[in-house]
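A.B. asks: Given next are the chains, with one letter for each unit.
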Amino acid sequence: MCESCGCGDAEWTVHTPHYHMHAGGMVHRHDHDKARAIGIIDVGAKILAANDAIAVRNRAWLSARGIVALNLMSAPGAGKTTLLERTLREFRSTSPIVVIEGDQATDNDAMRIRAAGGRSVQINTGKGCHLDAAMVEHGLAEANPPNGALLMIENVGNLVCPSLFDLGEGGRIALLSVTEGDDKPLKYPHMFAGADLLLLTKIDLLPYVEFDVGKAIDAALQVNPRISELRVSAKTGEGMQSWFDWLGRKQIGRSVDRPV
Amino acid sequence: MHELAIAEAIIALVEDATPGQHVVTVTVEIGALSGVSREALQFALPFAAEGTAGEKAVFDLIEVGGRAACQECGTDFPVKSLYGLCACGSPRLTIIAGQDLVVRSIEVEEVVEHV
Numbered sequence: 001m002c003e004s005c006g007c008g009d010a011e012w013t014v015h016t017p018h019y020h021m022h023a024g025g026m027v028h029r030h031d032h033d034k035a036r037a038i039g040i041i042d043v044g045a046k047i048l049a050a051n052d053a054i055a056v057r058n059r060a061w062l063s064a065r066g067i068v069a070l071n072l073m074s075a076p077g078a079g080k081t082t083l084l085e086r087t088l089r090e091f092r093s094t095s096p097i098v099v100i101e102g103d104q105a106t107d108n109d110a111m112r113i114r115a116a117g118g119r120s121v122q123i124n125t126g127k128g129c130h131l132d133a134a135m136v137e138h139g140l141a142e143a144n145p146p147n148g149a150l151l152m153i154e155n156v157g158n159l160v161c162p163s164l165f166d167l168g169e170g171g172r173i174a175l176l177s178v179t180e181g182d183d184k185p186l187k188y189p190h191m192f193a194g195a196d197l198l199l200l201t202k203i204d205l206l207p208y209v210e211f212d213v214g215k216a217i218d219a220a221l222q223v224n225p226r227i228s229e230l231r232v233s234a235k236t237g238e239g240m241q242s243w244f245d246w247l248g249r250k251q252i253g254r255s256v257d258r259p260v
Numbered sequence: 001m002h003e004l005a006i007a008e009a010i011i012a013l014v015e016d017a018t019p020g021q022h023v024v025t026v027t028v029e030i031g032a033l034s035g036v037s038r039e040a041l042q043f044a045l046p047f048a049a050e051g052t053a054g055e056k057a058v059f060d061l062i063e064v065g066g067r068a069a070c071q072e073c074g075t076d077f078p079v080k081s082l083y084g085l086c087a088c089g090s091p092r093l094t095i096i097a098g099q100d101l102v103v104r105s106i107e108v109e110e111v112v113e114h115v
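Note that the protein sequences, when read in sequence, are chains A and B. Residue numbers for the first sequence follow our numbering, beginning at 1 and rising by one. Residue numbers for the second sequence follow our numbering, beginning at 1 and rising by one.
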């Protein structure tokens, strides 16, 4: 009850003459001239908590089935789908490869993956510029990857937004094509700060572009001292074996290198 | 423009926290290193709030500065990016503040029976 005006009931504790603290932690401030009360709700909730909770669920679901899930991220056109096509054709995987394709529109990529002999599910994000954990949860239900599968999640082409959303993956791969510019890790630090592997793609084009491989790797290391690095051309096949070896180690290790 | 997705997540939190109430002000903390642009979020919020409890709310976006701790010498200091150098020369930094996105508080208005 308010000592000043006598309003309220006994369950309120008086905070100051014109503030009342409810048992539930809500403060009531009231003004005697207006029949209105302002309540301040102390929320203190992380905005991405809902996404992160689903990501935790996805990670547990994947882990229980021994599925290695990798989140492939890059700018549009860096060669994610081409890399996956060649991987499906040539990588002697010890287990089935399943691909979740994220794009704003079309199922072109899912069809390309199927043509290369892979199982794929297409998620269209519509206005969305990234995949989130709930989309991947739906994708998992649809794809139903078998135990021990290698799950490739091809995120929406975008160097900014996808980095903020934990999907429940076991590893993050940031692709950077040599046609993009060697300072991209410094310009888009979130993407590279969160990645386990920097995959330099289209290295067959190096003779034709001004891209300094050393500078790009230094930039990535500056943002993320723990990042690994590989150089590939999915067109000529150069460096692809090192990528397959990296995948093989992931499969053997079943390592989850992102925090659970 | 992931700020629209962030705005939608804020509105979902507001709706959960304020059933049947009239939302006046929503105070949100935006970490300077969170990767979210305060200006873009301020722009996106009214679109996300349309037709919800937060439709007429004022969104007060407060920027929380970044801080890093040096893994070599242990000092902590303000930072403006995810990478940099400590005064001791080490690039091995741990970000300790400025990466979070938090709905801090919501002010709601209610009609009360007493005057």
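It should be emphasised that the hints constitute simulated quantities derived from the structure, not laboratory data. You may find that some hints are simply not true.
Claimed, not checked - With a cut-off of at most 30 Å between alpha-carbon atoms, the simulated BS3-like pairs for lysine-lysine come out as follows:
id, chain 1, residue 1, chain 2, residue 2
1, B, Lys56, A, Lys250
2, A, Lys250, A, Lys235
3, B, Lys56, A, Lys127
A.B. asks: Are the Cα atoms of B:Lys56 and A:Lys127 separated by 30 Å or less?
C.D. replies: The given pair, whose Cα atoms are some 24 Å apart, holds under the 30 Å limit.
A.B. asks: Against the 30 Å threshold, does the CA-CA distance of A:Lys250 and A:Lys235 hold or violate the hint?
C.D. replies: OK: A:Lys250 and A:Lys235 at ~24 Å, within 30 Å.
A.B. asks: Could you grab the alpha-carbon distance between B:Lys56 and A:Lys250 and see if it respects the 30 Å cut-off?
C.D. replies: violated, 50 Å
In terms of the numbered hints stated before, the structure departs from hint 1 and from no other.
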